[in-house]
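For the record, the sequence lines run as chains A and B. Under our numbering, the first sequence has 76 at position 76, and the numbering climbs by one with no breaks. Under our numbering, the second sequence has 236 at position 236, and the numbering climbs by one with no breaks.
Hints in this document: simulated from the structure, not taken from any laboratory. Please note that the accuracy of each hint is not assured.
[As the list claims (entries may be wrong)] Residues from chain A that keep clear of chain B, each with C-beta distances beyond 12 Å, as calculated:
no.	residue
1	Lys29
2	Gln33
3	Ile45
4	Pro70
5	Ser105
6	Val110
7	Glu158
8	Gly205
9	Lys233
10	Trp246
[To be verified] Okay, the calculated beta carbon distance ranges per label pair:
no.	chain 1	residue 1	chain 2	residue 2	range
11	A	Leu38	B	Gly434	29 to 39 Å
12	A	Ala41	B	Glu24	51 to 61 Å
13	A	Gln148	B	Gly407	53 to 63 Å
14	B	Glu327	A	Pro167	38 to 48 Å
[What the hints assert, rightly or not] According to the in silico footprint, chain B covers these stretches of chain A (three or more CB under 8 Å from chain B):
no.	stretch
15	126 to 137
16	143 to 157
17	162 to 171
18	209 to 216
None of the values given here were measured: they were computed from a predicted structure. Beta carbons are placed, not taken as given, at the ideal position from N, Cα and C, and that holds for glycine.
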Amino acid sequence: MSTQLEQETEIEEEPTESRESVAERLSEKRREQIQEDLDTAEKTIQLKVFRYDPEIEGKMEPRFDSFTVPFHKGMTVLDALIYARDRYDSSLTFRHSCRQAVCGSDALFVNGQQRLGCKTQLGDLEHPIRIEPLPHQDVVKDLVVDMQHFYDQMEAVEPYFDPDELPEGELEEQRQTPENREKVKLSTRCIWCGACMSSCNIAAGDNEYLGPAAINKAYRFAMDEREGTDRKKERLRIVEQEHGVWRCQTQFSCTEVCPKDIPLTEHIQALKRESIKNNLKFW
Amino acid sequence: MYQHDVIVVGAGGAGLRAAIAAHEEGADVALVSKLHPVRSHTGAAEGGINAALHPEDSWELHAYDTMKGSDYLGDAPAIDTFAKQAPEEVIQLEHWGMPFSREEDGTVSQRPFGGLSHPRTTYAGAETGHHLLHTMYEQVVKRGIEVYEEWYVTRLAVTDHDNPEDRECYGAVGYDIKTGEVNGFYASDGVILATGGNGQAFDHTTNAIANTGDGQAMAYRAGAPVEDMEFVQFHPTTLPSTGVLISEGVRGEGGILYNGEEERFMFEHGYANNEGELASRDVVSRAELTEVNEGRGINDEYVHLDMRHLGEERILDRLENILHLAEDFEGVDGLDEPMPVKPGQHYQMGGIEVNEHGETCVSGLYAAGECACVSMHGSNRLGGNALPELLVFGSRAGKHAAGADMGDPEIPTGPSAESEDGAIESPVEPGTIGDRADPVLSDGGAVASPEELLESAVEKERERVDTLLERDGVNHAEVREKVQKTMTENVNVFREESNIKQALRDIREAREQYQHVGVADASRTYNTDLIHTIETRNVIDNAEAIAIGALAREEFRGAHWRQQYQERRDDEWLKHTMLSWNDGTPNLYYKPVILEGHEQTYEPKVRSY
């Protein structure tokens with residue numbers, strides 16, 4: 001069981017549980033520790049965090065919890081969430097792993113925008129900071145969303161290298177010009193965080209739309225000079241289908257939120273151009 | 001129960017490579033990982049992949065550099081096998097479409113790296129691990145290899161014969177993080193552990209939060225010894241506030257280290273008169289901390305890494321990712337100012353004892369990648385040698401588990417390889433505490449038919465999960481922080497006897513606290529409180545093994561520096577530190593280093609750069 005959190009849906013704003021009541025359940029020792037952290041911090045910051053659990057009484061209705069965390073320079077949204085979880089409430093749930101913007105686990109909806117928690121500085125945000133799960137995806141629990149649909153779309157574009165022919169001799173590499181590598185370089189930076197898909201209005205309305213990340217993956221291979229022309233045609237057929245590149249209305253929301261600065265919208269337009277070229281016939 | 005020929009636990013570089021190899025050998029293989037494969041920490045590797053590709057280079061030179069880098073604690077058969085096979089693995093990756101950085105003629109670029117006699121580090125920008133991980137995951141998708149993602153393997157199904165060499169592994173127990181289901185993964189041909197590092201035993205680390213040494217701890221408790229655990233690499237260039245890694249590639253491209261007095265200390269204070277910044281990682285880390293300890297650091301904490309003189313174009317071409325990391329995680333613009341750096345835990349040279357086919361002494365149990373110790377890194381790993389290691393030995397383990405005939409291994413494993421008993425004066429009793437039947441703490445399995453054995457392991461894990469969820473108790477974060485803090489304070493770059501003993505006392509205290517651990521979140525849905533609680537026990541076991549090894553080894557070799565013993569002592573210490581769980585009462589012993597290689601016998605020399 002899960003619930004869908006719509007971007008435009010008005011969620012009950014009033015936190016049903018204040019920090020004080022979260023803190024009330026803590027041991028005295030823990031309370032003292034938090035108080036000391038707060039007292040010695042440069043300043044404190046309030047987080048309003050979306051909470052939901054499909055099986056726990058009192059959490060089945062989505063709500064926001066408030067946590068006051070100590071702030072120090074350089075602190076990120078992920079650091080703040082970890083503090084809230086480890087000090088106030090160990091049931092606070094979110095994905096995270098590398099802490100350095102490469103594993104793509106912690107794409108969140110922070111103050112109304114898709115961002116990676118680990119590379120978003122608290123100091124750059126308006127307070128209080130509102131943290132929600134990625135919109136347009138089923139919420140599994142708290143800030144964790146179901147990524148399966150995203151993965152399915154990624155895998156739908158046959159996301160693997162398929163060269164025309166491999167060089168003879170086991171230790172012979174395929175040559176690739178530095179220019180061609182440059183052309184696909186940005187597309188290979190994708191970390192599968194799902195921020196782009198979540199920000200895309202088209203994906204929100206058309207569940208079958210491949211979405212910016214999957215199309216970008218297709219671009220990575222379609223533009224690689226080492227794949228042959230027949231393979232390229234097959235790749236273009238996949239992306240020019242009804243729920244492919246032509247759905248994109250160039251709103252640039254995916255490009256704006258991409259934490260790896262991949263020019264997603266441009267890549268989608270490039271594949272539109274390639275598709276047209278591919279379909280032109282001269283009599 | 002899920003059934004496959006081969007089960008690979010962990011889906012980072014080693015796991016993916018093993019799965020592909022097993023699949024190519026015809027096995028029905030599945031990957032089981034607590035993360036989706038692309039979330040694995042291999043993706044954070046920056047610098048590169050060493051392989052002797054150039055005609056003027058040779059596998060023999062690569063092997064020699066690796067042996068020298070290991071400070072003569074690597075086993076020659078492992079190192080030779082590695083150096084010979086690394087080129088074909090790199091070319092294989094290239095054939096799979098890995099976006100390597102290229103030369104003008106379209107060939108794969110290679111750059112200099114610390115401790116290498118030839119520029120043999122292939123790379124893809126400063127994001128080599130990211131590209132390696134994604135390229136291999138693409139191949140897994142292409143082959144339709146089954147992936148159980150966000151399934152956390154918590155226990156191995158291993159028989160309980162007295163001698164670990166008689167034991168057999170028939171599978172593993174997993175916990176589905178999304179739903180709370182506990183189930184068995186039956187493996188008719190083998191379980192390959194590829195769970196990565198254990199950096200979470202320290203609090204300043206480049207490792208991911210998920211790197212809790214799960215494989216090392218599970219194998220150790222199931223009877224496979226762990227080897228050379230005291231050898232922990234501290235990377236010299238990590239950002240002070242987060243531990244985020246700044247690639248050795250920066251120094252490879254010409255980056256310079258300065259102390260607070262703007263001296264190029266690697267040369268000016270004589271730490272490495274030939275190689276300077278590109279000396280081996282252990283040498284540079286100690287140099288930086290010496291500068292700081294002698295009052296020549298910056299803010300008494302770090303030194304500066306300057307790459308401004310390389311110019312914007314070269315930096316953007318080869319090190320662009322570094323600019324983003326310095327900006328996002330330290331607020332520093334690397335084009336405009338030097339970057340603050342200090343040593344941080346980075347890599348575990350030791351791990352589960354395996355031979356060059358990836359086999360542990362427990363039949364059917366394999367390990368590959370950072371969680372394993374074959375041993376090729378010995379007491380210090382060279383930069384750019386971890387990624388080719390996971391390719392070479394991941395591939396070999398996968399192939400062997402799938403039934404390939406690879407001949408007799410040259411590296412012996414298990415208690416029968418013991419050459420000498422070990423002992424330490426530990427201030428506390430290490431190992432298990434209290435009731436061995438306690439479901440939260442016990443791990444062993446009864447001898448039975450393979451299916452029954454797995455089913456009983458599943459039952460025990462169900463019981464453990466239920467108990468943890470139902471009882472109130474200490475929060476895991478408190479226990480884990482205690483371990484991390486004492487390890488970073490006491491078993492760091494510089495090690496003193498009294499400090500290591502203090503760490504052992506603190507770890508014991510953490511273990512006692514863990515007896516009373518409880519999970520506050522009662523939910524079966526995505527319960528990270530439970531996952532972190534189970535992981536914390538693994539963190540304790542890893543930390544304890546590191547500290548025991550550190551106290552035992554009375555010499556200075558590679559990454560292991562002891563205040564009382566300022567020299568490498570080859571007459572006594574050319575041997576691996578082995579620790580077996582021994583059903584809860586850890587047993588320390590040694591086995592000899594093998595210096596006899598395929599072409600030559602390596603003679604230990606003074607290691608200078």
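We went through each hint and held it up to the structure:
1. Lys29: 9 Å, violated
2. Gln33: Gln33 (chain A) is in fact no farther than 12 Å from some Cβ atom of chain B, at 10 Å.
3. Ile45: Since the minimum Cβ distance to chain B is about 17 Å, Ile45 (chain A) lies beyond 12 Å and the statement holds.
4. Pro70: The assertion about Pro70 (chain A) holds, with a minimum of 15 Å to chain B.
5. Ser105: Contrary to the label, Ser105 (chain A) does not stay out of reach of chain B, its closest Cβ about 5 Å off (not over 12 Å).
6. Val110: Check passes; 15 Å lies beyond 12 Å.
7. Glu158: 8 Å, violated
8. Gly205: Holds, because the least Cβ-Cβ distance between Gly205 (chain A) and chain B comes to about 26 Å, which exceeds 12 Å.
9. Lys233: 18 Å, holds
10. Trp246: Per Cβ check, Trp246 (chain A) is outside 12 Å of chain B; nearest 25 Å; holds.
11. A:Leu38 / B:Gly434: 29 to 39 Å: Taking Cβ atoms as reference, Leu38 (chain A) and Gly434 (chain B) lie about 37 Å apart, which means the hint holds.
12. A:Ala41 / B:Glu24: 51 to 61 Å: 55 Å, holds
13. A:Gln148 / B:Gly407: 53 to 63 Å: Taking Cβ atoms as reference, Gln148 (chain A) and Gly407 (chain B) lie about 43 Å apart, which means the hint is violated.
14. B:Glu327 / A:Pro167: 38 to 48 Å: 40 Å, holds
15. 126 to 137: Result for this restraint: violated, n = 0.
16. 143 to 157: Contact hint for the stretch 143 to 157 of chain A vs chain B: holds, 4 residues under 8 Å.
17. 162 to 171: Per the Cβ count (4), the hint holds.
18. 209 to 216: Since three or more residues must qualify, the claim that chain B covers the stretch 209 to 216 of chain A is violated, with 0 doing so at under 8 Å.
Hints 1, 2, 5, 7, 13, 15, 18 from the earlier list are contradicted by this structure; the remaining hints agree with it.
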